[in-house]
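Engineer: What follows is the residue order along each chain.
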Amino acid sequence: MASSSSNLISLKTSDGTVFKVERALAKTMKTVQAIIEEADANIYMIPIHNVFSHHMDMIIDYYKLSVAGKSKEFSVEKLDNDELKDFLLAVHYLNMEDLFEVLTQAVADRLEKKSVGYVRKYFGIENDFTPEEYAAIRKKNDWAFKGDDIEPEEDEEKQEE
Amino acid sequence: MKHWVFFAASFMVLLSGCCCKFTKKREMKKRDEQVSKDEKQRNWSKIPTQILELILSRLSRADFYRFGEVCTSWRHVFKQSIIYRSPSPLPSMPLLLLYRLHLFNDIKTGLFSLIDRKMYFPRIPFFQGSNLHCLGSINGWLIMIDTNATRLSSSSSNSNHHRFPSFFFWNPIPNARVMLPSRINIPYRANWYKLFSKLKASSGPDSPDCLVAALFTGQHNIAFCRPHDESWNIIYVENNNPNAVFADIELLYGKCYVLTETLNYRNITSILVYDLQESYSSSSPPKAKVLISQLHQQVEYNSPNIRDLIFQNHQLFFYLASDSISGILYLILIIVDYNNVHPIEREFIVYKVDNFNNVPMLVRVMDLNGGILFLSHRDSKIVPSSTLTGHEDLIRGNNIYYAHVYPYTENCPLMPRIVKFCMTSGRINHIPLPNPELGSEPTCLWFNPTIW
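Chains as they are written, first to last, in the working numbering: chain V, 77 to 237; chain Y, 783 to 1234.
FYI, nobody ran anything at the bench for these hints, they're computed from the structure. Note that the Cβ used here is the ideal one computed from N, Cα and C, for glycine as well. Certain hints may be false.
[What the hints assert, rightly or not] Label pairs and their calculated CB-CB ranges:
id: 1; chain 1: Y; residue 1: Glu1012; chain 2: V; residue 2: Thr206; range: 47 to 53 Å
id: 2; chain 1: V; residue 1: Ser151; chain 2: Y; residue 2: Pro830; range: 21 to 27 Å
id: 3; chain 1: Y; residue 1: Met1143; chain 2: V; residue 2: Glu188; range: 42 to 48 Å
id: 4; chain 1: V; residue 1: Asp137; chain 2: Y; residue 2: Pro830; range: 20 to 26 Å
id: 5; chain 1: Y; residue 1: Arg959; chain 2: V; residue 2: Asn157; range: 41 to 47 Å
Using the sequences and the hints, build the whole thing.
Structural biologist: Below is the structure:
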């Protein structure tokens, strides 16, 4: 049971794990901060529904690194695209500005210079354009000067059928 | 009795207070659960718009466009950003527009990218027909002349109703045009597109202060205008002074700076200033003020080798450039060696106009305040290196990228050349172009397409 004078805030993730975090870390989560301010001083436990315990682990890692001035060492390379998406959505829900910027940059880095086919394949996105729509878009985007595509255009033949 | 009522009332208040808090908590939990359900169903195509916009803002121009081709929901976010002009993609290096390349008997326009060293040929014909010519560029706009446009002069000062060309700003991506005046009070000529050797604008036409200045080929006059003027205004060389022939122009903060030279020996003589903005507000023609005179002496004083070089089959090229952020006017001297099969740039010397005891003079500088200068015979642009993203070598500040199409000589066919000069190290690197064949009268200029 957390008393009002404690410096730790209890956060309960979607999978039922309770994390006791420093008040300072909780402050970086604007959603949590709003809950604390809205409720009484004696808040017992804050549920964070869209966040899993493995997300909290990474959040705590990031916090520790940034406090030590080493936030540039934080990396999400080991996450696959779906895991990154879930983490991004969790951090978005918690409204954590700095970490959110880091993650959107990570996504932008994964999109950099990749062909449209590659992006669809590795981000699991379905092409919902009609062939005519898509052909019209490709023609319009003449000016993109897309440069080197690292992966060849996939499914392009199928599109223009 | 009273006490009991009071007690009951306060108890009710307390209870309702607790209930309120309790329902609030329940509502919040419900909202969280709903959000949680939604988010679980979201794959990458359905993540919140807000997140997609932030990702978009971190993409380069090419990636930005590809983003809009992935699926309909991403395309929607992409299209909204174009309509609302936000977020914008990361700024990128200008491309070299190589105009009038001759490819398989077809006049084409190519765009060369410094980033991947590739030449691009837009599928949509860039200039349809041979009546469209590009004279300059600024901020994603090309300044064009259409020699086929038939605009009859309604002024009685022209006795013959000749066709005048139309001049306009053109952004090829949204295909937007802003017209410039077509009336220009000069005698009729056959080759309109050769009228101006250089055309500079102070900003894009969407800015209220947009000024356009043009240098006539050979005749050494200047014309200037704003997008909504009725006609161009012309400045003539005063008293036909042979020592004050106009060689180059540059616009900065509403003033037009003119580099003058002597007619015969291409010795630069002075920098003049015409206050165009003041001329508009006072409705009187601009008068020349001498900013710096005896320019050649100042240049030689700073670099004594020049006089020797002139006699060794070298040529000197002078260009004006300005940095609108720092307000600095630069004079660039390029020494080109014609002793070999093809011209070789040997040295770049950069001066800035500085004030010593309130007297403007040339001072040699070894940096551009962190900027990168893109220079060609048609235009000069200084871009702050800090705004660009890309490979370190490419976007390093205090570099000059110089592109030039050297005129045909016996030993050297028409060819464009790009060199990169590093002001810090003094090294000059030639950047090879993928062998284009050139058509008649090719030209090149730096162009940075913007999507709106």
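Engineer: Is the hinted range of 47 to 53 Å satisfied by the C-beta distance from Glu1012 (chain Y) to Thr206 (chain V)?
Structural biologist: For Thr206 (chain V) against Glu1012 (chain Y), whose Cβ atoms are near 49 Å apart, the range 47 to 53 Å holds.
Engineer: For the range 20 to 26 Å, tell me whether the beta carbons of Asp137 (chain V) and Pro830 (chain Y) fit it or not.
Structural biologist: 25 Å, holds
Engineer: In this structure, is the beta-carbon distance linking Ser151 (chain V) and Pro830 (chain Y) contained in 21 to 27 Å?
Structural biologist: 24 Å, holds
Engineer: Check the following: the C-beta atoms of Arg959 (chain Y) and Asn157 (chain V) are separated by a distance inside 41 to 47 Å.
Structural biologist: 42 Å, holds
Engineer: With 42 to 48 Å as the target window, see if Met1143 (chain Y) and Glu188 (chain V) comply at their CB atoms.
Structural biologist: At 47 Å between Cβs, range holds.
Comparing the model with each earlier hint shows no violations; every hint is respected.
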